[in-house]
Each structure stands twice: as C-alpha cells, then as structure tokens.
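Asks: The lines below spell out each chain.
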Amino acid sequence: MFLSFSILGGLVAQAQDFIENAQVSGSFQTDAQYYMLDKGIGITDLNGKKLGINGFGKVNYTNGNFSAGMRFEAFMPELNGFRSELNGVGLANFFATYDNGFIGMTVGDIYDQFGSGLTFRTYEEWSLGMDNALRGARVVLRPAQGITLKAVYGRQRYFWAPYLERDFNADDYRGIVRGADAEWDLNQSIAALNESKFTMRLGGSFVSKKQADQSSFYNIPENVSAAAARINLGYGNWAFGTEYAYKINDPSAINNFIYKEGRALLSSLSYSQKGFGAVLQVKRTDNMSFKSMYTGKQNDLDINFIPPINYTHTHSLPSMYTYSTQPNGEMAAQLQVNYTIPKGTALGGKYGTKLAFNMSQVNDIVRDSVSFGNAMALNQPGTLGYTSKFFAVSDHRFFRDINFEVDKKISKDWHLTAQYINLYYDIETIEGHAGSPVVKANIGFMDVTYKINKKQSLRLELQGLWENEVHKGYEVEESEKKDYQKRGDWAFALLEYSINPHWSFSIADKWNYGNPVEEYRDHYFTGTVTYIKDATRVMLSAGRQSEGVVCVGGVCRTVPASSGVSLTVSTSF
Amino acid sequence: MTLLLMGLVVTGLHAQTKSDLPNVTLKDLNGKNVNISKLSNNGNPIVITFWATWCGPCIKEHNALNDVYEDWQDETGVKIYSVSIDDSRSTAKVKPVVEGKGWDFEILLDVNSDLKRAMNVSNPPHTFLIDGKGKIVYQHTGYFEGAEEELYEQILKISKKKK
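As you go down the protein sequences, you meet chains D and P in turn.
Our numbering applies: residue 501 is where the first sequence begins, and numbers increase by one.
Our numbering applies: residue 53 is where the second sequence begins, and numbers increase by one.
In case anyone wonders, no lab produced these hints; they're calculated from the structure.
No residue lacks a Cβ here, since even glycine has one placed at the ideal position from N, Cα and C.
Among the hints, a few may not be true.
[Said to hold, decoys possible] Restraint-style ranges between C-beta atoms, simulated for each label pair: (1) D:ASP895 - P:LYS84: 28 to 38 Å; (2) P:ASP119 - D:LYS1033: 22 to 32 Å; (3) D:VAL893 - P:LYS187: 20 to 30 Å; (4) P:ASP119 - D:SER627: 29 to 39 Å; (5) P:ASP119 - D:SER689: 38 to 48 Å; (6) D:ARG1021 - P:ASN87: 54 to 64 Å.
[Claimed, not checked] Below 16 Å or equal to it, Euclidean Cα-Cα: the simulated EDC-like pairs (lysine to aspartate or glutamate) are: (7) D:LYS774 - P:GLU202; (8) P:LYS84 - D:GLU683; (9) D:LYS909 - P:ASP119; (10) D:LYS954 - P:GLU202; (11) D:LYS951 - P:ASP156; (12) P:LYS168 - D:GLU683; (13) P:LYS131 - D:GLU683.
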C-alpha cells in the first residue's frame, strides 16, 4: 500500500516536473498560390491545377536535458516547381533527444553533418522542398574536454516513401546509411593551450551505405564507404581549414555507372582584423556524388554535401543565374575581401563606407580515357570511367562571377548600396539547355533607402542585366526559340514603402526588354503587401513570376513562370 | 483525474521558471563552445539575432544595430549575440565578413542549424529579446529600415539601467 502510494507519488512528482519545467514552442508556415491563365507569358493551360499549398506545423518540447519534436507537413497539392512526389499530408518528422553533456542520444529524424559535409550531411530546406533527414538513431559522446564522438544509423527520407525494409526492387528502395565521426579540439583538451593564440582542431569521419543491387545489367556494390579527414588551424588573425574526402567506387545514375573512386578537397585561408577581412577558398571534387539510392537523380537522397563556394546573390536579376554544384567534378576558387573605410576619413565620411569584392570561378576537371578491353574509353558505363590529374584544370569554364559592392550610409536618413557584377554562366551545363549560348553579362544593382521619419521609409531598387552577345539583334532560329526564354537584357525596378514595425507595401516590375525573341519581351509586374507582428508574417502578392531558379544553400529548384496570387503566412511561438 | 491533470497542465504553463533558451551548444569565432541555455549578461537584456552572409536584410539589420550598439550598451547594458546560420559553403566567410564590416557583436556559428530549429526560426533575419531571467519577451522577423527603434523600445522596457 505504502509502496504503491510512493510510486504514485513519485509518478505525480515526475509528471509535475514533466509539465512544470517544460517549454513548448513551435512554428507554422503556409505558402499558397492561386494560379491564373496568362497568355502574355505563355501560360495557356493550368493542367488542372488552380491552387497549390505547401504547409508545415512543428512543435518542440524541451525539459532540461530532454527534448522532442515533430513536424507535420501538407502539400495539397504542392506549389508549381516543387517535386510532385511531395503531394500528400502526414507526419514527416519526429525525434526525441536526451543530452546531458557527456552523452547525447537521439532517436527519430536526425539532422547532422560531419566536418564540412563531404561525407555526411542531412538537412532540411523548406523553401526548396528539400529534406534528406536520416531516420534512425544517433549517439554523441564527449568522453573528455574537447573530444566529440558521433555515430549515426538509419535510412533517409525520400518524400513520403515508407522507411521499412521492403522489396529490394521497389523504385523507392534506399539503402541504410551508417557513419561515425570524431573531433578533437586541442585547445579545449590541453590546459596549456586553453588561452593560446594558436588553435587546432582535428577530425575524421567514416560513412558507409548498404544498398541492394537492383540492376540486372551492372554489378552494383552493396557496401560503399567514404572517409574524410580535416584540420582547422588558427593563429591570431589567421585561420586555415581543409578537409579531404575519399569514396570507393559507387556506380550510379549520376556518374553514368562508372566504377571510379571519388575524391574531394576543400580548403580555406582567411585573415581578419577589425575593418578588414579576406578569405580564399579552393575546392576540387571528382565523382563525389554519394546517394543512398544509386538510381537517384537531381537532389534525391544525397548522403553528403558538396558546398558551392561562390558568392550567393539574393537580388532579383543577379540571382537569375545562380550556380549549382556539378556533382561529377569541379575545380573552384573563390576570393572575398571586405573592407570598411573608417569613419571620419575623406572617403569614409561620418559613418564609414563598406566595400566588398568577390571573385569566384568554377571549371571542369580534366578527364583522360582509360583502357577498356583493347580500346580506350572515356566515361563509359561499366568501366573505370576516366583518370584525372589532381591539379589539372579543364578549359571548360562553368561559371565565373566578379563583383564589387559599396555600402554607404550617406546621412542619417539616406542609405545606398550599389553592386557591379560581371558574370559568365555556362547555361548548357548548369541548366541542361543543350545548345544554348553561354550567358556573359554585366549586371548593375542599386538600392537606395530613405528614412522619412522614425517609422516610415522608402526603398528603391534599380537593376539591369546586359548580355554581351545575346540581345535584341541576335538571330534566333525559329526552332530554337524556346531556348531563349529569359535571355537577353533585363531591367528591374522595385519601390517599397514600409511602416515600422508592421507594414510594407511594394511594387516591382521585371522586364525582359532586350530578349532576341520579340514575343518574350515581357513585363513581370508584382505587387506585395507584408504584415509583420512579432514572429508572425503575412505576405500577400499578386502578379507574374518569371521562370527562374530559386537557390538556398547552393541547392536550387526551378520555378516555372506563373501568374496569380500568392499568400505566405508564418508564425512561431 | 482528468481535472487534476488539466490542473497540472494549467499550473505547469503558468509556472515556467526555467530559461526559455534551448540546451544547444554552438561555437564562437574562436572555436570556443557556448551553451545557449547558459547565456547570461548579469541580469541585463540579451538580444539573439539570426543572420547569414547571403541574407541582404540581415546585413542591413546588423549594420544598423552596429551603428547604435555602443549607445545601447551604455544605456541598457544589452548584449547582442549574432547567430550565423551559414553552412559549410560559407562558414569560412563569416569571420572575414564580420571583421570586414566592423561589427562588435558576439558571433556564434550555427552551421548545422541546430539552434535555428530549436528556436523555430523559419527565415532570417529573426531577432529575439531575452530578459535577465532568460525569458523570451519579444521577437521579430524580417527587417525594414528603422526596425531597430522598435527593438530598442522593447529593450528599454526590461532594462534595469533605465535612464
């Protein structure tokens, strides 16, 4: 009797703790678009889809060292430009974690990365409909100061496909991913280095996938592993980091079923002091696409992440041609310099002037034929594919971006940002438009803000994109017209009026005035009203959206041209 | 029994005593670990603002905050933690950008978006104001020119050092 009371008492006390010390938080977002016909921009058929809705709701529960959460998603149906496999409603994600500092355990859907992600990275990007969470278990151990050990095991999310072991020949069958990572932070481990100017971190990871050989033609390896080592060094204002990854042969739809190993190297060197920062990054990747489904295409089921290192433009015209990583091989370099001309100097003025310079370029790697039987073959399925000299750079340039930015607060009320961009974009390789000429363009951008008073401000954006070769007079064959949508010269203007802290009204027009094809010289006019209250944002916009690419974190999705009304509501609590 | 449980739930919701900040550990620019749930500023307000090197409005917000930061510190003792959600493609740029732009905030790196998820941030910029007891008292998403004034009014409301 006494025992049962004390158990009950204990339970009540626990239940009380479970509730009293708990925090519940969460967020919701709904993006909806109502589509309309618009002959002007070539939308003559909605294919039966008048409305697209993407929505999620997520709740987190935290109590001391314990946390749990879930995310419910609804695509009813998905917005245009999102993968149709998303269509559906359900509990997409849940997890429970206990972490006391020494050991951390998670079951459910895991987002994590090892090093810079060359061997393993799972993440979620709502605006792209991208989620490669690993459903399974993770253990994190911190046995001593500065040492972190991690292990993960599970299967990745593939839209709404079931996670259970099923028929090996199912189209949505994907393998098990398991991995381990170790990191050693010497400055935390070694007392003498605790406050040292010199910093050093070492790390290594090993990841393998176990997949089913569904092919009757190729002999697909059932276990494919990848490993990486990394080091981060710092001394005063200097920082250096590098990671090298290696993957054994992994024939897949992406690499055209070649049996070559994969390699990747990512390095960065930076110097920073107050008012000045510079960073140089270089990258070499060769056959490093690593998916838990070897038949996967696009961004499906990536186990690793190959970061693009170029500058990310976010304004309308500069972001029209955004680079996306070429999974089969790249040589890339990037230099960025930020400098602030100090306040009180002739050029700095009263508030200082912020300058930024960035240059990035990506070329192909060099591939040499390998012998196959009695002949030589280059990148033929079922062969070793090719050999590639590590430091050789192909003449085939995918992308180059040189840009310069000035950011200046002119007076208490006026602020100016201006940027010039010189762009080279191999649209044929990056977007797969066969035969389309390279985009070589100059882009200018200006953003002027005027503060009317404490609450109200006006912002004007002017942008222009001018192609060097493809413009109004460029001859286009009748049969090739379709490849010239969105090509040629563009102008963009936006006027925004905002009233703090709640309201913003804007109108914008994007005009393809210099398209070589007359019927594509369209205006894309939009009007937007935004209401923000604390963590709630409601945005209503109406008008046309041009065909384009939306990229976040180097992963992109194409957005088809559309016309209509869209509504976004997001909130968190 | 149901009533009892409901009672517990109600008292539970009213009796939150712990900090609102999640148990997430991030690295600062020197590689030191910082546990968010243990952030403290001697009882003075803390601002946590999420940004990324590729987020235009975030850069504007940071520039604006940086211009007034010294004054705000003198007047309210506030401390600003700026959480970069840059991932591995741009982590190496964070320090040069921060220094190059001359910002004075405490910078934290959320490379795996752990804190972003735990604090339910959908899109940057997203700014939280935390009082001396670790409670989130105000949050705001997005940035328009001058939005820092509203944040400052909120800081003044909870500041002990009010002038």
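Asks: Taking the hints in turn, state whether each one holds.
Replies: Here's how the hints hold up against the structure:
no. : hint                             : verdict
1   : D:ASP895 - P:LYS84: 28 to 38 Å   : violated (45 Å)
2   : P:ASP119 - D:LYS1033: 22 to 32 Å : holds (25 Å)
3   : D:VAL893 - P:LYS187: 20 to 30 Å  : violated (55 Å)
4   : P:ASP119 - D:SER627: 29 to 39 Å  : holds (30 Å)
5   : P:ASP119 - D:SER689: 38 to 48 Å  : holds (40 Å)
6   : D:ARG1021 - P:ASN87: 54 to 64 Å  : holds (57 Å)
7   : D:LYS774 - P:GLU202              : violated (28 Å)
8   : P:LYS84 - D:GLU683               : holds (14 Å)
9   : D:LYS909 - P:ASP119              : holds (10 Å)
10  : D:LYS954 - P:GLU202              : holds (10 Å)
11  : D:LYS951 - P:ASP156              : violated (24 Å)
12  : P:LYS168 - D:GLU683              : violated (23 Å)
13  : P:LYS131 - D:GLU683              : violated (31 Å)
Consistency with the previously given hints fails for numbers 1, 3, 7, 11, 12 and 13, ordered from lowest to highest.
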